[in-house]
Structure formats: C-alpha cells, structure tokens
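Position chain B relative to chain A; hints supplied.
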Amino acid sequence: MNWRKWNRWIHRELGFLFFGMTIIYGISGIALNHSVARHWNPGIISHSSSIQYPETLQKADVDRSTIESILELTKEKENYKQYYFPDENHLMIYLKGGHIMVNMETGSIQLTKVRNRPVFRELNYLHYNKPKKLWTWFSDLYAFGLVLIAVSGLFLIKGKKGISGRGGVLTIIGILIPLALLIIYLWL
Amino acid sequence: MQRLFIWVIMAFLAVSCNQSVKKEGVSPEAVQTEEIVSASIVELLASPADYQDKEVAVSGMVTHVCRHGGQKCFIVADDGETQIRIVPAGDIDEFDIALEGSTIAFKGVFRVLNTLETEVLEEDYESKEHHVVEQSHSGAEKAEYFVEAVDFKEVTP
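From first to last, the protein sequence lines stand for chains A and B.
Just so it is clear: in the first sequence, position 165 is 164 by numbering that gives the first Met the number 0, and no numbers are missing.
Just so it is clear: in the second sequence, position 15 is 14 by numbering that gives the first Met the number 0, and no numbers are missing.
If you're looking for bench data, these hints aren't it; they were derived computationally from the structure.
Wrong hints could be hidden among the right ones.
Said to hold, decoys possible - Taking lysine to aspartate or glutamate and the EDC-like style, the derived pairs with C-alpha atoms no more than 16 Å apart in a straight line are:
| # | chain 1 | residue 1 | chain 2 | residue 2 |
| --- | --- | --- | --- | --- |
| 1 | A | K95 | A | E121 |
| 2 | B | K53 | B | D150 |
| 3 | A | K131 | B | D78 |
| 4 | A | K58 | A | E75 |
| 5 | B | K106 | B | E147 |
| 6 | A | K112 | B | D95 |
| 7 | B | K71 | B | D95 |
| 8 | A | K58 | B | D78 |
| 9 | B | K53 | B | E147 |
| 10 | B | K127 | B | E147 |
| 11 | A | K129 | B | D95 |
| 12 | B | K106 | B | E140 |
| 13 | A | K58 | B | E80 |
| 14 | B | K141 | B | E153 |
| 15 | A | K131 | B | D92 |
| 16 | B | K127 | B | D78 |
| 17 | B | K71 | B | D92 |
| 18 | A | K58 | A | E77 |
| 19 | A | K80 | B | E140 |
| 20 | A | K95 | B | E153 |
| 21 | A | K132 | B | D90 |
| 22 | A | K132 | B | E116 |
| 23 | B | K106 | B | E153 |
| 24 | A | K112 | A | D62 |
| 25 | A | K95 | B | D95 |
| 26 | B | K127 | B | E140 |
| 27 | A | K80 | A | E67 |
| 28 | A | K95 | A | E75 |
| 29 | B | K106 | B | D52 |
| 30 | A | K129 | B | E34 |
| 31 | B | K71 | B | E93 |
| 32 | A | K80 | A | E54 |
| 33 | B | K106 | B | E34 |
| 34 | B | K152 | B | D92 |
| 35 | A | K129 | B | D92 |
| 36 | A | K131 | A | E121 |
| 37 | A | K131 | B | E93 |
| 38 | B | K152 | B | D95 |
| 39 | A | K129 | B | D90 |
| 40 | A | K112 | A | D86 |
Isolated chain A (complex conformation) (with noise of 0.2 Å):
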C-alpha cells in the first residue's frame, strides 16, 4: 500500500472515530464563544416575569411579614433561602431556583426563575474538561487526531483540487484569516 492510501485511511478512520467529539467540541464551542461574547450563559436557562406589590417599600420597614408577603404573590413561599438589600432602593430576595429582586421606590418586582439548559450543560461540563480523568486522556486523543485529520486532508486530492492547486489557495486563506484577526485584535 502505498502512502496515499495510508492518508486516506488514516483520515476516514480517525474522521469516524471522532465524529462524536467533533460534534460535542464543535455545538459546545459556538455555546461558548457566544456566552464570552455577550452577558449569557449557555448551560442555565433564566426565565423573567413581572408583577406589581401594593405599594411602595421603605428599607426600614421590610421585615419578615413582608417577605412572606411578597413570597405569596410569587407564589415562591416554599423556595424561600433568605434576603438582603444590594443597595437603598433594592431589596434582592433569594429562591431555591431563582431571585425576587423588589424596586421598593416603584413597588416593581422581577421574579427570575433559573434551571439549567439541557444538552449544552452536558456539552459544556465536557468541554471545559470538567471531569479531568479519563475524560483528559480521551480528548487529548481527539485533539491529537484532529491534527492527523486536518495535515492528511491535505494530501486526499491530487492535482487542480489538491493541495497544489485550489485547495492549497483555501489552506492559505483559512490560516491567513485567523492571522490577519489576531493581528489586528492583539497588536494593532
């Protein structure tokens, strides 16, 4: 067999091999260039809603009646952990799964429910290599095969496809675009 046909296999066999891993390192990498990116977190989802208290709240008059109260129209009673002010107009009140934060100068209260996101907690609990172990070994494996992938991807085709003709142009503009951006978001 000559070398060719080593590449080719290498390439097919690692490519099954590692679909998996792909998939789990591709999904949960766009997760988390996003959750860098903007004020979100991919493995909880949080949920929002509003209602309205009676009346004003002064900090000097919350006491534990009015926590229960304002747990009875949350209906929120049995999460109850414990309270405390972030700062004078404020009053955060903690939940099992959850907040109350209560605007005391407009009686305004915001009930935020939290639960983590299914698949893309598991997803990220993987990549951020959360269960060290054979976890570790596993995906430096990956990591060294994608390798092995990438460099025997080059070498399938020959001729004007290949390596020496259009897909040498694409190599060149798929390292030249992470070069470029890194150099004009690091040293520019």
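This is chain B only, laid out in the frame that chain A set:
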C-alpha cells in the same frame, strides 16, 4: 496487521502525553500544613496585611455567582454591605449558581494583588460588556482582595 500497528502507536503517544501531564500536576502546595485563621469579612478587609497569603476560614451569604463559568462568587458580611470575592482553587472547578442566597463557610487563602495586578484586573473588568451596569458586588469584583477557596460547606441556618 499494519493498521493495528498504527493504532497501537497512536494510543502509545496519547498515553505518554497524558502521563507527563500527571507528573506536572503534583504540587508541593498539596502538603501545606499552615494554621487556618478564622476571620470575618470586615476583619479581613480592615487589616489585609495581617492575613495576606494565610489560610483563612470566612463565611457569609452568597450574593452572586458569576454566570460565565462560575469562576467567582461574592459573599456579604453581617453588615449587609461589605462584600468579598471568592475564586475557586484546589479541587473546586466552579461555583454553582444554586449557592446564591445560601450562607457558605469557605476555607482558602487570602490574597492581596499588587498595584500592577490590580490595574490589570480593573482593565479586564472595564472591558467586559456585562459590567456596564454597576452591581452591589462590583466593588468586590475589581478589589485587590480575594479568597482562593479550596473547600466550602453550606451553613445556612
């Protein structure tokens, strides 16, 4: 047979890389036996030099857990205002958002950044889009003082 040989070579390389990582992971800090000093948040911030780089035990209600990977959280002192930043260290990878509103006792090392490190921290803080609106924990988020927590437990009454 030749294919099997290639698989064996690749597996060997991967295992070799992993072993070198494990060796580097052994830290002399793991055998640290320094005495743990119990202190309140206000005490820590009143005389940081007395506690700098010492192992401390500190507790308070968690007011906020960073939504970007849980890489910091904030606890508030009994005065209801003074807050301190806690960052995960040791075996703690991140703080769960479920800690918010719970009173937590942390064990860790009290750190004080130098002037240059504080400037870098402030620059990083200002560069984050979600830091446009000041929060009650914002002061603690860019403060030079923080605790590197290696252990914690819930003590909510």
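Quick rundown of the hints versus the structure:
1. As the CA atoms of K95 of chain A and E121 of chain A are separated by approximately 21 Å, the hinted pair breaks the 16 Å bound.
2. For the hint linking K53 of chain B to D150 of chain B, the alpha-carbon distance of about 15 Å falls within 16 Å, and the restraint holds.
3. A hinted pair counts as satisfied when its Cα atoms are at most 16 Å apart, and K131 of chain A with D78 of chain B does not qualify at roughly 40 Å.
4. Straight-line distance between C-alpha atoms of K58 of chain A and E75 of chain A comes to about 21 Å, which puts the hinted pair past the 16 Å bound.
5. At most 16 Å may separate the alpha-carbon atoms for a hinted pair to count; K106 of chain B and E147 of chain B meet this at roughly 8 Å.
6. A C-alpha spacing of about 15 Å is found between K112 of chain A and D95 of chain B, which places the hinted pair at or below 16 Å, so the restraint holds.
7. Taken as a hint, the K71 of chain B and D95 of chain B pair is honoured in the structure, with Cα atoms around 10 Å apart against an allowance of 16 Å.
8. Proximity of K58 of chain A to D78 of chain B is assessed by CA-CA distance (about 14 Å); at most 16 Å being required, the pair is judged to hold.
9. For a cut-off of 16 Å, the pair hint linking K53 of chain B to E147 of chain B stands: about 10 Å separates their Cα positions.
10. Taken as a hint, the K127 of chain B and E147 of chain B pair is broken in the structure, with Cα atoms around 22 Å apart against an allowance of 16 Å.
11. For the hint pairing K129 of chain A with D95 of chain B, the CA-to-CA distance comes to about 13 Å; that is within 16 Å, so the pair holds.
12. Taking the CA atoms of K106 of chain B and E140 of chain B, the gap is about 19 Å. The hint is violated against a cut of 16 Å.
13. Proximity of K58 of chain A to E80 of chain B is assessed by CA-CA distance (about 14 Å); at most 16 Å being required, the pair is judged to hold.
14. The straight-line distance between the Cα atoms of K141 of chain B and E153 of chain B is roughly 25 Å, outside the 16 Å bound, and the hint therefore fails.
15. Between K131 of chain A and D92 of chain B the alpha-carbon distance is near 10 Å, which keeps this suggested pair within the 16 Å criterion.
16. Distance check on the hinted pair: K127 of chain B and D78 of chain B sit about 29 Å apart at the alpha-carbon level, beyond 16 Å; violated.
17. With a C-alpha separation of about 10 Å, the suggested pair K71 of chain B and D92 of chain B falls inside the 16 Å cut-off, and the hint holds.
18. Taking the CA atoms of K58 of chain A and E77 of chain A, the gap is near 24 Å; set against the 16 Å cutoff, the hint is violated.
19. Taking the CA atoms of K80 of chain A and E140 of chain B, the gap is about 24 Å. The hint is violated against a cut of 16 Å.
20. In summary, the hint linking K95 of chain A to E153 of chain B is supported, as the alpha carbons are separated by about 14 Å, within the 16 Å threshold.
21. Restraint check for K132 of chain A and D90 of chain B: the C-alpha separation of about 13 Å stays at or below 16 Å, so the hint holds.
22. Among the hinted pairs, K132 of chain A with E116 of chain B is inconsistent with the structure: their alpha-carbon atoms are about 33 Å apart, more than 16 Å.
23. A C-alpha spacing of about 12 Å is found between K106 of chain B and E153 of chain B, which places the hinted pair at or below 16 Å, so the restraint holds.
24. With a C-alpha separation of about 23 Å, the suggested pair K112 of chain A and D62 of chain A falls outside the 16 Å cut-off, and the hint is violated.
25. Restraint check for K95 of chain A and D95 of chain B: the C-alpha separation of about 12 Å stays at or below 16 Å, so the hint holds.
26. Note on K127 of chain B and E140 of chain B: the hinted pairing holds, with a Cα-Cα distance of about 12 Å set against a maximum of 16 Å.
27. For a cut-off of 16 Å, the pair hint linking K80 of chain A to E67 of chain A stands: about 12 Å separates their Cα positions.
28. For the hint linking K95 of chain A to E75 of chain A, the alpha-carbon distance of about 9 Å falls within 16 Å, and the restraint holds.
29. Under the criterion of a C-alpha separation no larger than 16 Å, the hint pairing K106 of chain B with D52 of chain B is consistent with the structure, at around 13 Å.
30. Of the supplied pair hints, the one linking K129 of chain A and E34 of chain B is violated, its CA atoms being roughly 30 Å apart against a limit of 16 Å.
31. Only pairs whose Cα atoms come within 16 Å are accepted, and K71 of chain B paired with E93 of chain B is accepted, the gap being roughly 8 Å.
32. Between K80 of chain A and E54 of chain A the CA atoms are separated by roughly 23 Å; this puts the pair beyond 16 Å, and the hint is violated.
33. Restraint check for K106 of chain B and E34 of chain B: satisfied, since their Cα atoms lie roughly 11 Å apart, inside the 16 Å limit.
34. Pair hint K152 of chain B plus D92 of chain B holds up; C-alpha atoms about 15 Å apart against a cutoff of 16 Å.
35. Only pairs whose Cα atoms come within 16 Å are accepted, and K129 of chain A paired with D92 of chain B is accepted, the gap being roughly 7 Å.
36. About 14 Å separates the Cα atoms of K131 of chain A and E121 of chain A, which keeps this hinted pair within 16 Å; it holds.
37. Between K131 of chain A and E93 of chain B the CA atoms are separated by roughly 14 Å; this keeps the pair inside 16 Å, and the hint holds.
38. Between K152 of chain B and D95 of chain B, the direct Cα distance comes to roughly 12 Å. Compliance with the 16 Å bound is thereby established for this hinted pair.
39. At most 16 Å may separate the alpha-carbon atoms for a hinted pair to count; K129 of chain A and D90 of chain B meet this at roughly 11 Å.
40. Annotation: proposed proximity of K112 of chain A to D86 of chain A is violated, straight-line Cα distance about 22 Å (limit 16 Å).
Of the numbered hints given earlier, the model fails hints 1, 3, 4, 10, 12, 14, 16, 18, 19, 22, 24, 30, 32, 40; all others are met.
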